[in-house]
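*Asks:* For chain A, the structure is supplied; the task is to place chains B, C and D on it using the hints.
If you read the protein sequences in the order shown, they are chains A, B, C and D. When the letters of the first sequence are read in order and numbered with my numbering, they come out as residues 1 to 385. When the letters of the second sequence are read in order and numbered with my numbering, they come out as residues 1 to 385. When the letters of the third sequence are read in order and numbered with my numbering, they come out as residues 1 to 385. When the letters of the fourth sequence are read in order and numbered with my numbering, they come out as residues 1 to 385.
Quick caveat, the hints were computed from the structure, so don't treat them as lab data. Virtual Cβ for every residue (Gly too), placed ideally from N, Cα, C. Please note: incorrect hints may appear among the correct ones.
[As the list claims (entries may be wrong)] Quick partial rundown of chain A residues pointing at chain D, CB under 8 angstroms, derived from the structure: (1) L29; (2) G194; (3) E195; (4) G264; (5) G318; (6) E321; (7) F323.
[To be verified] Just so you have them, the derived chain D footprint on chain B, three or more residues with Cβ under 8 angstroms: (8) 84-91; (9) 289-296.
[As the list claims (entries may be wrong)] Derived SDA-like pairs: lysine to any residue, alpha-carbon spacing no greater than 25 angstroms straight-line: (10) A/K21 to D/R311; (11) B/K182 to C/A179; (12) B/K53 to C/T313; (13) D/K273 to C/A185; (14) A/K273 to C/G304; (15) A/K21 to D/G304; (16) A/K368 to A/G102; (17) B/K368 to A/R379; (18) A/K368 to B/A376; (19) A/K273 to C/R294; (20) D/K273 to B/L317; (21) A/K182 to B/D272; (22) D/K53 to A/G55; (23) A/K21 to B/G292; (24) B/K21 to C/G304; (25) B/K21 to C/P384; (26) C/K53 to B/T313; (27) D/K182 to D/P230; (28) D/K53 to A/D30; (29) D/K21 to A/R32; (30) A/K53 to D/R233; (31) A/K273 to A/G292; (32) A/K21 to D/A34; (33) C/K182 to D/D272; (34) A/K46 to A/E71; (35) B/K273 to A/L174; (36) C/K21 to C/G55; (37) D/K46 to A/Q377; (38) C/K273 to D/R233; (39) B/K368 to A/E71; (40) A/K273 to B/V175.
4 protein chains.
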Amino acid sequence: MSADRIRIGMVGGGPGAGIAKAHRMGMRLDDRYALVAGVFSRSLEKSRQAAAKLGVDETRVYADFEQMAREEAAREDGIEVVAIVTPNDSHYPVARAFLEAGIHVICDKPMTGDLEEAERLNALAAEKGRVFVLTHNYSAYAMVREAARRVRDGALGELRIAMVEHASGWAASLVEADASNKQAAWRLDPAQSGEESLIFDLGTHAHQLLRFVSGLEVTEVSAELHTCVPGRRVYDDAQVQVRLANGARGTLWASMAATGHEHGLRIRLFGDKASLEWRQMDPHYLTLNYPGGRRETLVQGHDGQSPDQARLTRVGLGHPEGFIESFANLYGDVAEAIHRYRETGQAAHDDLPLPGSRDGLLGVRFVKAVGESHAAQGRWVHIPL
Amino acid sequence: MSADRIRIGMVGGGPGAGIAKAHRMGMRLDDRYALVAGVFSRSLEKSRQAAAKLGVDETRVYADFEQMAREEAAREDGIEVVAIVTPNDSHYPVARAFLEAGIHVICDKPMTGDLEEAERLNALAAEKGRVFVLTHNYSAYAMVREAARRVRDGALGELRIAMVEHASGWAASLVEADASNKQAAWRLDPAQSGEESLIFDLGTHAHQLLRFVSGLEVTEVSAELHTCVPGRRVYDDAQVQVRLANGARGTLWASMAATGHEHGLRIRLFGDKASLEWRQMDPHYLTLNYPGGRRETLVQGHDGQSPDQARLTRVGLGHPEGFIESFANLYGDVAEAIHRYRETGQAAHDDLPLPGSRDGLLGVRFVKAVGESHAAQGRWVHIPL
Amino acid sequence: MSADRIRIGMVGGGPGAGIAKAHRMGMRLDDRYALVAGVFSRSLEKSRQAAAKLGVDETRVYADFEQMAREEAAREDGIEVVAIVTPNDSHYPVARAFLEAGIHVICDKPMTGDLEEAERLNALAAEKGRVFVLTHNYSAYAMVREAARRVRDGALGELRIAMVEHASGWAASLVEADASNKQAAWRLDPAQSGEESLIFDLGTHAHQLLRFVSGLEVTEVSAELHTCVPGRRVYDDAQVQVRLANGARGTLWASMAATGHEHGLRIRLFGDKASLEWRQMDPHYLTLNYPGGRRETLVQGHDGQSPDQARLTRVGLGHPEGFIESFANLYGDVAEAIHRYRETGQAAHDDLPLPGSRDGLLGVRFVKAVGESHAAQGRWVHIPL
Amino acid sequence: MSADRIRIGMVGGGPGAGIAKAHRMGMRLDDRYALVAGVFSRSLEKSRQAAAKLGVDETRVYADFEQMAREEAAREDGIEVVAIVTPNDSHYPVARAFLEAGIHVICDKPMTGDLEEAERLNALAAEKGRVFVLTHNYSAYAMVREAARRVRDGALGELRIAMVEHASGWAASLVEADASNKQAAWRLDPAQSGEESLIFDLGTHAHQLLRFVSGLEVTEVSAELHTCVPGRRVYDDAQVQVRLANGARGTLWASMAATGHEHGLRIRLFGDKASLEWRQMDPHYLTLNYPGGRRETLVQGHDGQSPDQARLTRVGLGHPEGFIESFANLYGDVAEAIHRYRETGQAAHDDLPLPGSRDGLLGVRFVKAVGESHAAQGRWVHIPL
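Only chain A is shown next, with the shape it has when bound in the complex (with noise of 0.2 angstroms):
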């Protein structure tokens, strides 16, 4: 293996967790990291079995994070960063062993599943000045940085109206009912998850969308939940309308229950002067529309547009990139930010379109408004900055 890959533990991840197979995808696509530690299982053998198919030697292979954090951080050769890909309610312990052992981590979105957890996770990361980076994956598609950038660059003009969505149909029926399903019980149990899990997973995931793209805050909410899948016991439907931070105005939808949808991501934003769209089903495109019925396609991997996409782009001419590839991205970026450090010693990666630690505080109070303004019928209620 070559010197220089980033040495990366990761904290959850076993058998049946889906995500995690999307990092570690990410993490190999490049080749920019060697992944050599873990607790993958709160069961020590099933962590074992993993790490065996991982390649990581059972030497590194820890009892809990506690302890992988102490001795990773002991070992000359001990990792350098940590993806925790734990259930929302242990990120923020977990972030927290790492940082305080000087570990960069990596750190499944929401940030965390309590808001006052989530304001010394902030706090927190500040203060260690390690890099923090939420895997808010979409934003790291080439497309959507191309958006952002167009954005900044003034291709809307100031911006009007917001719509976005992350209506999916993976829960439309009652998914939770098959005990099989692991995913669904724990996503779908409120004493798990909350009965705000849907704002939590595929909210968070909108309201970062539309901040990162339009580069404005989401100041005020006015929601309504609702369980459209009768027996369900948490919410599987949101339409939120938001007021963003230059006084546009606009919805946010977001669904688990939208029958005959796959995934369901989208943003469309309107200026004076244009508006843009954006799907995650086909990344690989984004459409400006102006006034005078002219709609215009940009297909990612060309000539004549910004280097925030060109950079992403591996293949281009037509040989599209997903999912993978966002993830793939976004290790990149941090792959960079970690190199920084190495030569600095220093967090000094603004520059780079990272979701981190403040962007993870604002999406769970961004949950919290939508919980009490449903709770309050609909009131409008501020986000704090």
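*Replies:* Chains B, C and D only, in chain A's frame:
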């Protein structure tokens, strides 16, 4: 001219009146009407000029609508029906005059600009027993009829979520600043069209389309109105959360500031079995989305679809029909209703999918509820049925 | 009826004649024609019945087209123009009769089913100095006109490759086995329509569309004809390689056996600067593709496009117009040509984009060249210009 | 590194070699390979530099492929398989060296640039009983596999018409004039790549995709080659009429001068029951078109589709996978074949849909037949099977 063409008159529709042209093309397409009388303008001279171009005999051009109603009712060969294409605030008195003269009425939507007038007109239409139809032409598109039929027949199962938009870009810039743009001047002047002209104009189309396809009433709204374009004196964007009679939720978005959109009417309905989508810009298609990643697009004019679309298809086999044909479809159903009246002396056409005075009243109530909710900071407002 | 409507007669177009309905709707839409005479069927009784429905006076229903040409030419209020909607093999004698009577002609395509007749009719049309128009209606779509304009103005640069298809699925099964399907019986009977009826019916539309948009002649073909459907007695698929006058290459595909296609007319042209695409099923859009992954879709009815489409747009702003409107567009240009003739006594409309007798002749030559090439196992066959 | 990763070497793939990157990403994605040896460049120094970046031990970087084949075959931990990513004209000697050393081969397509070499290599691959796979990666897309499965299962019925395109715009301008564009210089130099490089590069992909999805051989071609771009010394456009083994007809269009196209690989097959379409730019969709105006789009990664796509889907639920994943899919099937070989000592993988040496031979025969037909003015040329 063949003897059985329906004799029709028109109030409004002189030079510059765009929608009146659509009415007249709709009348002509299937050759079931003869336009024989009218008040095309407030100016008798302009009215006569219009009549000459339209082939209407000078003797049947009237100084005002009262005279027209009175004299046409007295003629043996007088008009059987009048098309009212005047500004909204005159719909009530004009419609009343003709109804009271025993003449059927085709009236532009919204039915009135005033709730009390809407109540009265609805009562009057019921009392007079004549055909009274609002030109919500979008529900006369063949594939909208097909959509409504399939919803009735259970294709979607129980409806859960409704997303409907009439988000146009026609007034995304300050078009009212151009004095030559009469339509803009009229529609965007709060004194003439009211602050809620957006909801009257576009919102009621979305509202009616939602009701027509879903077969469900909108019972509550929580609305946010906004003016996007600096210098504008009416609202140009509306985000309206809706609750339907069966408990379904959704959002109705009306806008005239959606830069880069052309027309922007679109409906998506999600049930427990499937979802559907229809867009006015591509009206010959209807898409049904099923669980399991299966999307089905139906093309107008083929076997295996319902008679509801088949009877509205003139050519079929991939020869697209559009907006003007939707007017012709509406006029065709009105012709059917009038022929029945000729035979029976009864307005007995409840089986025809024609928007009537109750639809018009509910549309005006919807507008008023939206305004009331906005004034109350998004409070949920009930719409009486 | 206003005095200046053009008096038109029709030959053919009785019960069951689909395309005649499109003609009549096209005439009516813009109210510039009055249908006042006709031979609608070989049976005088059926012809009279059709006339009654169409509002044509019984006295102007004739036993045959010769009588009609003679008597209408003799009337002061006789027809100015005749629409010929009979089967292909009668186009020549009918057109000749009216041209010789000094009456303008609108003739269905193909101009004739016989090359010698086409040559004669072309010569006759030139000699008689009347308006002679073939109803290649597809070139009358607004966005086809826009496409042709942009090609002329250099948007594509030098044309290199032309791919054009009229690949319909209408006869993908043995529709001629159903005795009640008159259209199939006629079109798919080699005795009535010839073995090459596919090329006459669909191939000539593709050929004309290619010529119209590209502005270039097809000079050579290498063709492969095939019968896909077992039991069929005519060709139902044609793969035709083409060479254009400037050296460009391409393929013209005509089919009536393209299962799952509805209409199937589509053109793609590639120049050295850009390419374009237009599809009849979505006729209100025109797409231009540029190097560098930039695709531009233009929507009919907006500023910034040429007057060629603007003058054909009735409503615009995203209100789609379709097939019937393309007929109305064609009839509108014919009306313009006839009004000029009224004023000058000259057929002087070369500036109007109307398909004439030379286009018809070239279409028939194309059909014959395709048949000849196929018979010679795909040898390249020259088409004289 | 886990013990069961397959040891792989690479010949070619040094700096600037685009496709080798796709190979390596394809290997890494699912972590079933370890790249441990190579000749990455003709220059040993450059080869070592590449190896260092790739984490390949310096001791296993060789001066030439013969040495590599010899020495790796002699090591106990020697490579099991080699990936050949050199220019076409060296495929034969390199593949031969490794096959003769008993090492499995993954070879870029076309198999060779010379027909006689193709015949020999095909014979050799059969004789040696090792895994021999051509990287026709497009047939490894999940929805291409789904398409092939459905065709085998009769979804289309009897195939009648095949339209396949690989019409790219990558060389629509004189890209070879830019000396820094090594790829263009190589591919567009007749001395290096032959006049028919277009058919070798793109044509064989279209040919293989057609064979793979239809399950039918191309038996005859009638071809027209052309050079669109002034100054170019190879053909850049090919219109090829095809006849398939069952009598179906169609056209294969290969181009690198299709301005405004990006990638341009697309297949449409028409049977007597239905038709299908797949486009490489949007590879996660497969569209089936049925009579009666019904179009069905299947989205990758869902229930109700075949295991052929399901086993290739990593994430599913609307998370798109693209070009790199198609390489990973191919490498995954090769890994399966090699694991079987490990167990049995037999190359027994005919049930895996891997393109092998016979496919490669037929591809080269196709190229030659196209050239021969063109030289004979489009005469139909038979392809021996």
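*Asks:* Run every hint past the structure and note whether it holds.
*Replies:* Each hint, compared with the structure:
1. L29: holds, 6 angstroms
2. G194: Violated - the Cβ of A/G194 stays beyond 8 angstroms from chain D, reaching only about 22 angstroms at its closest.
3. E195: Given a least distance of 23 angstroms, the restraint on A/E195 is violated.
4. G264: holds, 7 angstroms
5. G318: Hint on A/G318: holds, closest Cβ of chain D at ~3 angstroms, below 8 angstroms.
6. E321: Holds - the Cβ of A/E321 comes within 8 angstroms of chain D, reaching about 5 angstroms at its closest.
7. F323: holds, 4 angstroms
8. 84-91: Answer violated; 0 residues pass the 8 angstroms Cβ test.
9. 289-296: holds (count 6)
10. A/K21 to D/R311: holds, 15 angstroms
11. B/K182 to C/A179: The hint is violated at about 57 angstroms.
12. B/K53 to C/T313: Distance ~20 angstroms between B/K53 and C/T313 Cα, so the pair holds.
13. D/K273 to C/A185: holds, 22 angstroms
14. A/K273 to C/G304: Holds: A/K273 and C/G304 sit about 15 angstroms apart, inside 25 angstroms.
15. A/K21 to D/G304: holds, 24 angstroms
16. A/K368 to A/G102: Cα-Cα ~30 angstroms, so violated.
17. B/K368 to A/R379: holds, 20 angstroms
18. A/K368 to B/A376: holds, 23 angstroms
19. A/K273 to C/R294: With a Cα-Cα distance of about 19 angstroms, the restraint between A/K273 and C/R294 holds, given a limit of 25 angstroms.
20. D/K273 to B/L317: holds, 17 angstroms
21. A/K182 to B/D272: holds, 22 angstroms
22. D/K53 to A/G55: holds, 20 angstroms
23. A/K21 to B/G292: holds, 22 angstroms
24. B/K21 to C/G304: holds, 24 angstroms
25. B/K21 to C/P384: At roughly 46 angstroms apart (the allowed maximum being 25 angstroms), C/P384 and B/K21 break the hint.
26. C/K53 to B/T313: Holds: C/K53 and B/T313 sit about 20 angstroms apart, inside 25 angstroms.
27. D/K182 to D/P230: holds, 20 angstroms
28. D/K53 to A/D30: holds, 11 angstroms
29. D/K21 to A/R32: holds, 14 angstroms
30. A/K53 to D/R233: violated, 52 angstroms
31. A/K273 to A/G292: Measuring from Cα to Cα gives roughly 11 angstroms; hence the hint holds.
32. A/K21 to D/A34: holds, 19 angstroms
33. C/K182 to D/D272: Measuring from Cα to Cα gives roughly 22 angstroms; hence the hint holds.
34. A/K46 to A/E71: Holds, at about 20 angstroms.
35. B/K273 to A/L174: Measuring from Cα to Cα gives roughly 12 angstroms; hence the hint holds.
36. C/K21 to C/G55: With a Cα-Cα distance of about 14 angstroms, the restraint between C/K21 and C/G55 holds, given a limit of 25 angstroms.
37. D/K46 to A/Q377: violated, 68 angstroms
38. C/K273 to D/R233: holds, 20 angstroms
39. B/K368 to A/E71: violated, 67 angstroms
40. A/K273 to B/V175: Between A/K273 and B/V175 the Cα gap is close to 14 angstroms, so the pair holds against 25 angstroms.
When the structure is compared with the earlier hints, violations turn up for hints 2, 3, 8, 11, 16, 25, 30, 37, 39 and for no others.
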